[in-house]
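As they're listed, the protein sequences go chains U and Z. Numbered by our numbering, the letters in the first sequence go through residues 1089 to 1636 in order. Numbered by our numbering, the letters in the second sequence go through residues 1089 to 1636 in order.
Quick caveat, the hints were computed from the structure, so don't treat them as lab data. Careful: at least some of the hints might be erroneous.
Unchecked claim - Footprint (simulated), chain Z over chain U, 3 or more residues, beta carbon under 8 Å:
id	region
1	1089 to 1095
2	1253 to 1267
3	1291 to 1305
4	1431 to 1440
5	1450 to 1458
6	1489 to 1499
To be verified - Below are the DSSO-like pairs computed for lysine-lysine, each with C-alpha atoms no more than 27 Å apart in a straight line:
id	chain 1	residue 1	chain 2	residue 2
7	Z	Lys1437	U	Lys1391
8	Z	Lys1439	U	Lys1391
9	U	Lys1391	U	Lys1529
10	Z	Lys1391	U	Lys1439
11	U	Lys1437	Z	Lys1437
12	U	Lys1391	Z	Lys1391
The structure presented is a predicted model; accordingly, all values stated were derived computationally and were not measured. The beta-carbon is built from N, C-alpha and C at its ideal position, and this holds for glycine as well.
There are 2 protein chains.
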Amino acid sequence: MRGLMQDAPLLISSLIDYAAQYHGEREIVSRTIEGPVQRTSYAAMQRRAKQLGNALLSMGIKLGDRVATLAWNGYRHMEIYYGVSCIGAVLHTINPRLFPEQIEYIANHAEDQFIFLDLTFVPLMEQMQDRLPKVRGFVVMTDEAHMPKTSLRNAVCYEKLVNAHSDRLAWPVFDESTASSLCYTSGTTGNPKGVLYSHRSTVLHGFAGCMGDVLGITSSDSILVVVPLFHANAWGIPYSAAMCGAKLVFPGMAMDGKSIFELLRDERVTMTAGVPTVWLMLFQYLDQVKAETGKIPELPHLKRVVIGGSAAPRAMIKRFWDDFGAYVVHAWGMTEMSPLGTTGNLLPKHKDLPIEERLDVQVKQGRAVYGVELRITDDEGKELPRDGKAFGNLQVRGPWITSGYFKGEGGKVLDADNWFTTGDVATLDPDGYMQITDRAKDVIKSGGEWISSIDLENEAVGHPAVAEAAVIGVAHPKWQERPLLLIVRKKGAEASKEEILEFLEPRIAKWWMPDDVVFVDELPHTATGKLLKTKLREQFRDYKLPGA
Amino acid sequence: MRGLMQDAPLLISSLIDYAAQYHGEREIVSRTIEGPVQRTSYAAMQRRAKQLGNALLSMGIKLGDRVATLAWNGYRHMEIYYGVSCIGAVLHTINPRLFPEQIEYIANHAEDQFIFLDLTFVPLMEQMQDRLPKVRGFVVMTDEAHMPKTSLRNAVCYEKLVNAHSDRLAWPVFDESTASSLCYTSGTTGNPKGVLYSHRSTVLHGFAGCMGDVLGITSSDSILVVVPLFHANAWGIPYSAAMCGAKLVFPGMAMDGKSIFELLRDERVTMTAGVPTVWLMLFQYLDQVKAETGKIPELPHLKRVVIGGSAAPRAMIKRFWDDFGAYVVHAWGMTEMSPLGTTGNLLPKHKDLPIEERLDVQVKQGRAVYGVELRITDDEGKELPRDGKAFGNLQVRGPWITSGYFKGEGGKVLDADNWFTTGDVATLDPDGYMQITDRAKDVIKSGGEWISSIDLENEAVGHPAVAEAAVIGVAHPKWQERPLLLIVRKKGAEASKEEILEFLEPRIAKWWMPDDVVFVDELPHTATGKLLKTKLREQFRDYKLPGA
Chain U
1089 MRGLMQDAPL LISSLIDYAA QYHGEREIVS RTIEGPVQRT SYAAMQRRAK QLGNALLSMG
1149 IKLGDRVATL AWNGYRHMEI YYGVSCIGAV LHTINPRLFP EQIEYIANHA EDQFIFLDLT
1209 FVPLMEQMQD RLPKVRGFVV MTDEAHMPKT SLRNAVCYEK LVNAHSDRLA WPVFDESTAS
1269 SLCYTSGTTG NPKGVLYSHR STVLHGFAGC MGDVLGITSS DSILVVVPLF HANAWGIPYS
1329 AAMCGAKLVF PGMAMDGKSI FELLRDERVT MTAGVPTVWL MLFQYLDQVK AETGKIPELP
1389 HLKRVVIGGS AAPRAMIKRF WDDFGAYVVH AWGMTEMSPL GTTGNLLPKH KDLPIEERLD
1449 VQVKQGRAVY GVELRITDDE GKELPRDGKA FGNLQVRGPW ITSGYFKGEG GKVLDADNWF
1509 TTGDVATLDP DGYMQITDRA KDVIKSGGEW ISSIDLENEA VGHPAVAEAA VIGVAHPKWQ
1569 ERPLLLIVRK KGAEASKEEI LEFLEPRIAK WWMPDDVVFV DELPHTATGK LLKTKLREQF
1629 RDYKLPGA
Chain Z
1089 MRGLMQDAPL LISSLIDYAA QYHGEREIVS RTIEGPVQRT SYAAMQRRAK QLGNALLSMG
1149 IKLGDRVATL AWNGYRHMEI YYGVSCIGAV LHTINPRLFP EQIEYIANHA EDQFIFLDLT
1209 FVPLMEQMQD RLPKVRGFVV MTDEAHMPKT SLRNAVCYEK LVNAHSDRLA WPVFDESTAS
1269 SLCYTSGTTG NPKGVLYSHR STVLHGFAGC MGDVLGITSS DSILVVVPLF HANAWGIPYS
1329 AAMCGAKLVF PGMAMDGKSI FELLRDERVT MTAGVPTVWL MLFQYLDQVK AETGKIPELP
1389 HLKRVVIGGS AAPRAMIKRF WDDFGAYVVH AWGMTEMSPL GTTGNLLPKH KDLPIEERLD
1449 VQVKQGRAVY GVELRITDDE GKELPRDGKA FGNLQVRGPW ITSGYFKGEG GKVLDADNWF
1509 TTGDVATLDP DGYMQITDRA KDVIKSGGEW ISSIDLENEA VGHPAVAEAA VIGVAHPKWQ
1569 ERPLLLIVRK KGAEASKEEI LEFLEPRIAK WWMPDDVVFV DELPHTATGK LLKTKLREQF
1629 RDYKLPGA
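Okay, chain U solo, but in the shape it has when bound:
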């Protein structure tokens, strides 16, 4: 028997309509590529998203067509988020930090009809356009005064395009499982693969972002969106914020510490979100200010800092608290997960913990968001205990998690019970806090037991002479694999293999001890700055460990 409730689809258009109707005056502030800070509102954004919707329809864009962006964080990018998805087309956010060959592959694979790009990327696209034969035209996200002379095919000025169309448009209504946006993962192996979100998954994920135990976004918030809008729908913030009328602040391309600090201060930011690298730059700037003025400047409104993308260091979590009384919400997710999976909020029993014990909780990646099922398994798929010690393959399931990649790339990605294997290795403690211990392909399998390469690296970089460390598994006749530690020494620093191993000894389990240490001049990295262990494993494939 079906319930007798209205059959109202969950559509992204309802978000911007709600924001315009109930939070019409609420500000959206952007540092622009052209220079000045621009201020708009949800009411204006809805009007312009509708103008853009009409423009896209006039350009022949139909339900399901892909429209790409290559852009920094700003109000125009967010207008495109809504303008494209709300008419039933698919917003494809391209990560401009990828290698040009990857961008070319992605735009061709997605069959993007148009690319909307910031001024910054005009030269790149001019070079690449001949290799993007399916792209019908390029829209430069600027006004007529700043529109460059360009060889881009069918180049159009964004403001001219938008202003040429009416804001009268009734958003179309369609099935909520219709595709809304597309984002490619930048894997360390193989070609990038596209994750195709739906209106339903986006709205449900938006609800999650508004929960107090997730991101806790409310109408009182002013949110600096540091995480790029080309990353997994920028963690859902553009949707959750509209759902409750939060003020949004976009930093444009100025990610330096000073620019970020000024926005945090001037826009009375209560919550911000980004990857650890950005916060390192912020603290470098603050240290410099302190050296000049004798004190760290205040940010009295900042309450929450959401850190994800890679693990937030303990010192960073502590420093946000010490300097600003801001709580770091350590988060974990994946492009394949829309991306929210876990968030590190405290339970009532943690509220009065001394800071160091609280940090023990906060360094973990947090607890599953309602809507995401989480478990860890061994290589046979058997579920492992949630005891905070056992670590296994992290698997996830739920309505905003991928069921397969665009055009079937990568084949079947779910098991018989719909579990998606994340490729991360993690522990789950009895309270449900998850901690990533490794990537599944990097974990070292020694005599049937697993050794975390990340844990070993973290200990090794604690040695004063070590600048960077990598641990990989190398084949071993008896143990299957044993750890090999690769070290880049700090400039001018000295440390022998024996010294390093001696340093590690009291810090790790005896059977985790690397079988050898090799000193190298540098380690290989991916475009997004992660250690490229595939290359290391290849390089040291035939390495003979002592005693092997």
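Go by the hints and put chain Z onto chain U.
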């Protein structure tokens, strides 16, 4: 093109499973009918809901079968919420305050298979059971020690039933639009009509309850659920609380001021929810304590009081703030709306308002919850402006709003665009705050303009001699209808028609002035305490107004 996200249905079972997994130790505290306060947890509740699920399956309950409750607020009632819905049966919460004939009608109309009832209602059901031939048996919600001798057909003790079954049960998976629960509206005219909720509508509504701008429920909350669990799924709290692991406190049948106060204090309640009557009793108790001890006792943890069901008086909103620093979230909804429609939270611009101006905002019923579309129209269905002045028929639309009553009673309830007419008359101001001005059938239509009977009544009760007032429209040859004011004077108080009209004169528009005043000994009320204006209109149908 469909998105490539997992096809995971939104099911109520995921709520209790999440709470058990991630907030297993979190408490659920109940004042029991048998006497003592009982403490359980989400983990235990999930186990017992599964035991109950197995019991129901063994009793032959199938997908879609209705299982009724006739019970106060307690942990067993909440276990039944989950046990019944999670196996795909339909939880039918019967309001025991209805007249016996209505209860009989409802149970027969719903075709309830079993009725779960508190000890309190054993005598009532013993009398009524012969008129409920389809009910196969009765489950008395108590333990074996308190199980009464009863003539009830196939009477079973709840604890005996639950304990006889295993807690091993994998909740079935089915379509999310499957019916989950049923609640009848107690209209003032005609038979009660059933609203049939779905798993989808319940989970979506649960998300809304967790939003900071709606009820703001989080894992830090301790919630005293004063609103009866037989009212429109108790405003969604049993679902939202499980979604984020909030502590729950149930008052049983002890709704007196002292009992409620003690729970608020002892269970460190941060949020509570109920109708205005209960809070009047609480304040009467507090006044008495103050008379005895010289001061109002403290409730340092109480932060939010959700008031709905009928309008919260300004003085009540102010008093919660003055006495406890607790913010009243004025809410409006309907059984037909799951029930959340609007909630009266502040916007950032209101935060620093002086208290009296803030109360001007808080006396309104609040702003639309994301997921609920709201508009006001005239009798021709034309949308009226959101200027805070125009008042019209309030219409709603959205995924947790009814599409029609159970078994088609009442016929088609949506217009061509899916709008549901609430029967309320309201204003909407430019910020989106809605204020109920009347019931549509009570509004007085005078010469093409509308006069709010409620506004007139509110002004009239301001007169020191007036105990209660009712305004109805009486036929008028020239104006179609004109207002007639009926007054119950306070014991021993005197006031003439002229004095009353003189009192009203500076307070209302001239053309709103009642054409006559009639003094009566008492006014008729419904079972739930609302003015029964149908009866008044009948009684005064042929009343001849002066000058008519």
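Cross-check of the supplied hints:
no. : hint                  : in the structure
1   : 1089 to 1095          : holds (count 7)
2   : 1253 to 1267          : holds (count 4)
3   : 1291 to 1305          : holds (count 9)
4   : 1431 to 1440          : holds (count 4)
5   : 1450 to 1458          : holds (count 3)
6   : 1489 to 1499          : holds (count 6)
7   : Z/Lys1437 x U/Lys1391 : 19 Å, holds
8   : Z/Lys1439 x U/Lys1391 : 17 Å, holds
9   : U/Lys1391 x U/Lys1529 : 37 Å, violated
10  : Z/Lys1391 x U/Lys1439 : 17 Å, holds
11  : U/Lys1437 x Z/Lys1437 : 34 Å, violated
12  : U/Lys1391 x Z/Lys1391 : 19 Å, holds
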